[in-house]
Amino acid sequence: MRKRFLWALCFAVGLCACVWAADWPSTAGNPQRDGWAQGETDLSKENIAAKKIELVYKYKFDNKAVGLHDMTAPIDLERIIGYQGFKQLLFIGGSSGSVYALDSDIGELFFKTKFDPIGSPAAPAAPSALCSGGLTANLAMPGQSGGGRGFGGAGRAPARGAARGAAPGRGAAAGRGAAPARGGGGGGFGRGPAVFWAVSSDGYLRTLRQQDGDATWIAPAKFVPANADVTGLNVDGDVIYAATANSCGGNPNGLYAALYTPPELPQMPGEPLVTQAKFQVVNFMTNGSGFSGTGGTAIAPDDSLVYGQVAEGKGTVAGTYHDTVLALDPKTLDVKDYFTPSGSLPPVKKGIASPGVTPAVFSWNDKTIVVAGGRDGRLYLLDGSSLGGANHRSPLYASDPVVKPDPHYGGDGIWGTFATWEDAANGNTRWIYAAIRGQATMQFPASDGSASTGAIVAFKVVDQGGNPALSPQWISHDMISPAGPVTANGLVFALSTGMTPRVAKDDGTPYTVAEEEKMAKPAVLYILDGTTGKELMSSGNAATSFSTSGIAVAGGRVFFTTHDNTLYAYGIPLER
Amino acid sequence: MKKPTIALFIALVFCCGLALGENWLTDGGDLQRSGWNKDEKTLSKDNINTMKLLWKIDTGNGARALHSLMTPLVVDSVPTSSGPKQIVYVVGSSDNLYAVDAKTGKMVWQRHFTYPAATGPANGGFGGPEPTDPKHLGFLRPGGTTDVPVIGPPDASGDRTLYVDDGGGNLHSIDITSGEDEKPAVHAGESKFSLQLYNNMIIYGAIYSPVSTGIVSVSLTDPNPKPIVSANFGRSGGLWGRRGPAIDSQGTVWTTTGDGNVDISNPNNLIIADSMVGFRMEDGVWKPWNWFTPSNWAWLWHRDLDPNNTPTIFNYKGRELMASSGKECRVFLLDPKNPGGADHHTPLYKTPLFCNVGADFQNAGSWGALSSWEDPSGTRWVLVPFWGPPNPAVKFPTTNEPAAKEGGEAAFKVVGDASNPSLEPVWISRDMHRGEPSIIANGMIFAYGSGENTQQAWPDIGLNFDSTIRAAKSGHAIIYVLDAMTGKQLWSSGDTIKTFNHFSGITVANGRVYLGDYDGTLYCFGLPSEAAAGQ
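If you read the protein sequences in the order shown, they are chains C and U. At position 368 of the first sequence (counting the first as 1) the number is 368 in our numbering, and the numbers step up by one without a gap. At position 106 of the second sequence (counting the first as 1) the number is 106 in our numbering, and the numbers step up by one without a gap.
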């Protein structure tokens with residue numbers, strides 16, 4: 001019925017041609033954390049060569065940075081049929097406790113919602129480099145980064161740009177399973193309450209209406225401990241996941257899931273909800289470190305399992321965690337499966353960041369594959385349905401170390417999130433990109449210059465006796481602490497965050513916030529050729545501060561934020 | 001079927017000098033959709049303040065979604081068994097056609113069209129089962145009969161034929177005296193908007209029709225007519241314009257296109273949404289001949305600000321011009337012979353945004369149709385209805401009170417040489433709740449605010465197409481008569497009209513003003529002396 005309704009809209013809304021959404025609803029673009037903005041057409045090699053891609057606008061928020069936290073990476077709702085018109089909205093959290101929505105076309109504030117603390121949460125400790133306090137987690141909403149509203153395939157409309165010609169249909173969301181968005185996603189192409197979520201510093205889950213940012217209509221729900229450091233929220237259907245890390249606020253690390261029962265809407269606007277929303281919160285404690293990477297969790301395309309990696313800790317099912325990749329039941333968070341790599345790893349030291357990357361999930365030869373990175377600098381390919389085989393220690397593939405761990409607090413390793421895509425035009429070749437800090441130890445056939453500080457590295461997934469393996473392809477030029485990459489339309493978007501790659505002083509004591517800020521360099525956005533790693537364009541010296549967040553790509557634009565509370569938007573200017 | 005008295009009546013008219021009243025035979029009054037009734041002389045600035053409700057009639061038409069009574073047409077001196085009558089013809093969305101005596105407000109005859117039920121998804125595809133009450137239907141696809149008919153010239157016996165496309169896509173040829181079909185209907189596909197009669201063809205724009213996307217016509221001279229459809233016109237934005245297409249002196253049929261893509265790389269499948277497109281008959285089919293696409297079409301598409309109203313065509317200093325507008329709320333002056341220049345993006349002139357600064361697709365912008373007239377001094381005027389507040393940055397020398405907030409009418413003069421014409425803002429009307437297309441008659445503007453709630457999406461329930469929501473939140477229509485030179489209000493209908501009007505139009509003919517409302521009531525206003533004549 002929903003599909004029928006959506007098709008009707010193709011002939012309905014303004015008697016217009018149907019416009020297919022390509023959102024960026026959470027960290028790395030989707031619950032699978034694949035970092036792939038499918039269907040993107042405006043951001044292309046041709047438009048870069050023609051110098052059509054430029055800084056469209058930047059926007060300075062009235063947020064105050066808290067510790068190292070400032071603005072979250074944006075999430076993007078490419079189209080909302082809103083009470084004030086059709087809009088593309090960027091939702092961005094501010095560390096001082098507000099959520100902002102920008103009219104993405106023109107870079108103007110659409111709404112701002114300030115969260116007042118509920119109850120009397122414990123006062124946060126003085127901000128440290130790891131535990132800033134404030135609003136820390138990227139926002140999230142249901143959906144996908146490519147036709148995720150469940151009706152992809154028929155000539156998606158390009159977002160902007162002149163005379164681009166007919167956009168090709170994207171077909172089924174290749175490799176991702178094309179799970180339709182549920183639970184009120186879709187920004188207007190639906191009848192449920194279209195919402196998105198944030199976690200405030202008091203630990204409450206805030207449900208905001210996409211239309212106007214109202215966060216009171218659905219009452220906040222207690223979710224995680226106050227002052228916890230929440231990494232990227234994830235949303236799959238009607239479950240919201242929040243991973244906590246770094247034991248901030250003295251709280252143990254773990255994963256929290258809020259099972260959301262949407263409210264029943266009234267027939268008439270302005271009337272009370274027929275039934276109230278409900279949240280049931282469950283959690284899973286690691287008894288050790290938090291979930292690795294900036295994405296927290298990755299979710300199987302069929303929603304059957306939630307994956308995450310834990311550097312250290314212990315549990316009744318998997319025993320001692322040792323960069324263990326866990327597969328959890330999506331609603332109970334019970335451990336269903338796990339993989340623990342063999343070999344020794346550098347210890348995790350309290351108060352100091354360790355390298356870590358959130359796993360990503362993709363389909364390959366009809367299998368669900370999980371790619372994970374270890375503190376040993378290796379990449380692992382795991383069978384999503386049997387992570388480590390019978391002994392929980394057997395990956396489908398383990399690479400040689402891409403980058404060596406640094407025992408001297410250099411921070412060398414794999415960080416953030418992955419990006420992976422399938423090149424349908426070239427035999428469905430599967431690519432994987434990762435962000436590393438430190439000198440690569442692996443040899444790559446192609447490079448775009450020396451990269452001693454950090455880089456983006458690229459691999460192809462190849463068939464090795466029926467199992468996937470990784471074939472190194474290229475390494476980018478040098479970047480400072482690159483954020484998790486994003487891929488779209490044969491391009492790779494990389495952000496040299498400018499943050500110091502070192503995670504502690506030589507004596508092992510952590511840097512202060514002020515020291516981190518002093519050592520940091522301005523962030524630089526790079527757009528690379530996805531097949532060669534060659535730089536196609538960069539933001540140069542446009543940004544004047546470093547970045548602590550990541551990249552979002554949607555609707556023909558690429559976005560990032562910086563520590564001075566500024567958002568940068570690159571793309572093709574839209575004639576108004 | 002033809003009454004034997006007709007020939008005698010016509011003979012009397014022409015031989016004995018019996019005065020004939022004016023007719024209003026097509027939406028907008030002419031092929032050019034000017035909205036200008038040049039013949040109206042009864043109503044004047046001197047007596048308009050005495051205008052009052054002459055009659056109203058509950059037609060019994062039930063609304064489908066928000067649609068109810070469409071724009072009335074008027075024929076004077078229709079021969080009937082009880083003598084010549086002036087008759088008002090109005091379509092009701094629930095597949096009705098009514099003929100009402102203009103003087104008495106009594107029903108002369110009525111038709112109800114029946115046809116096989118559509119085979120599409122329930123509730124127009126808006127989810128859920130087909131509502132038992134058609135008022136709950138989605139407002140974008142109300143179904144039923146929503147076109148405005150067109151009435152042909154008198155035949156040799158003086159009789160006329162009314163052409164109407166019913167909700168099943170069947171084009172009827174109806175005798176205006178009896179209401180009966182003169183010949184079998186032709187299945188030509190649905191028309192959501194008004195019909196044109198040109199060169200012995202009924203012409204309209206198809207939107208949802210399975211018969212065609214684009215211009216469709218049916219020959220009136222072919223004894224076995226088949227619909228003539230469009231070729232080379234790819235599916236994207238639907239054909240819009242409440243008054244239907246406008247036709248220029250070259251026979252080019254002009255229509256606006258709704259939201260969608262623009263891709264002209266394939267001449268056999270031209271995708272031309274968000275544009276003004278001219279069709280010409282070539283090789284037995286209608287083909288896109290030329291077009292104007294605003295250079296910011298991607299923005300228009302992104303924001304659903306398509307140029308959705310019917311353009312108007314007129315002569316200015318010996319040159320034919322076309323004015324168009326839409327939800328974005330600019331006015332374009334175009335040369336119908338070369339509307340967008342070599343790149344299809346270059347108009348003769350475009351105004352700045354005069355409303356809809358917030359780029360809202362639902363509560364702002366220009367909707368419906370433009371109108372145009374020439375005053376006695378030879379000045380050419382273009383009248384543009386609008387919703388929402390005007391742009392304060394665009395200065396109109398005269399701004400009437402209370403200041404437009406929910407909508408109104410904007411008047412522009414065409415100035416400059418014929419080779420380089422432009423539009424000069426002159427006045428903006430008082431506030432009207434959703435200004436609708438106007439009629440110009442005898443130096444006055446007959447405008448109205450529909451009173452309709454046009455919200456499609458709400459902060460809490462989001463996008464919702466159940467039309468009863470909007471209906472419940474709507475007010476009522478108010479007719480305003482304005483001085484055409486200044487926009488000053490001369491008269492209003494106040495609270496007389498009880499409910500709102502949706503996507504219809506006002507009609508002025510023979511000293512009477514007609515407007516239908518959501519409840520299916522047709523209202524007739526006129527001078528007190530006309531009331532006496534009707535009693």
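Among the clues, some could well be false.
Unchecked claim - Okay, the calculated bits of chain U under chain C, using three or more residues with CB under 8 Å as the criterion:
1. 193-204
2. 240-252
3. 448-462
4. 480-493
What the hints assert, rightly or not - In silico DMTMM-like cross-links for lysine to aspartate or glutamate, where the CA-CA straight-line distance does not exceed 20 Å:
5. 350(U) to 517(C)
6. 52(C) to 181(U)
7. 226(U) to 181(U)
Hints were generated in silico from the structure; no laboratory data involved. Heads up, the beta-carbon is just placed ideally off N, CA and C, and yes, glycines get one too.
Against the structure, the hints:
Coverage of a stretch by a chain is defined here by at least three residues with a beta carbon nearer than 8 Å to that chain's beta carbons; for the stretch 193-204 of chain U and chain C the count is 0, and the condition is violated. Closer than 8 Å: that is the beta-carbon criterion, and the stretch 240-252 of chain U has 1 residues meeting it against chain C, so the requirement of 3 is violated. For the stretch 448-462 of chain U, the stated coverage by chain C is satisfied: 8 residues place a CB nearer than 8 Å to a CB of that chain, which reaches the threshold of 3. Look at the stretch 480-493 of chain U against chain C: 0 of its residues bring a Cβ nearer than 8 Å to a Cβ of that chain, fewer than three, so the hint is violated.
About 51 Å separates the Cα atoms of residue 350(U) and residue 517(C), which puts this hinted pair outside 20 Å; it is violated. Taking the CA atoms of residue 52(C) and residue 181(U), the gap is near 60 Å; set against the 20 Å cutoff, the hint is violated. Distance hint between residue 226(U) and residue 181(U) is fulfilled; the C-alpha atoms sit about 18 Å from each other, no more than 20 Å.
In summary, the numbered hints that this structure violates are 1, 2, 4, 5 and 6.
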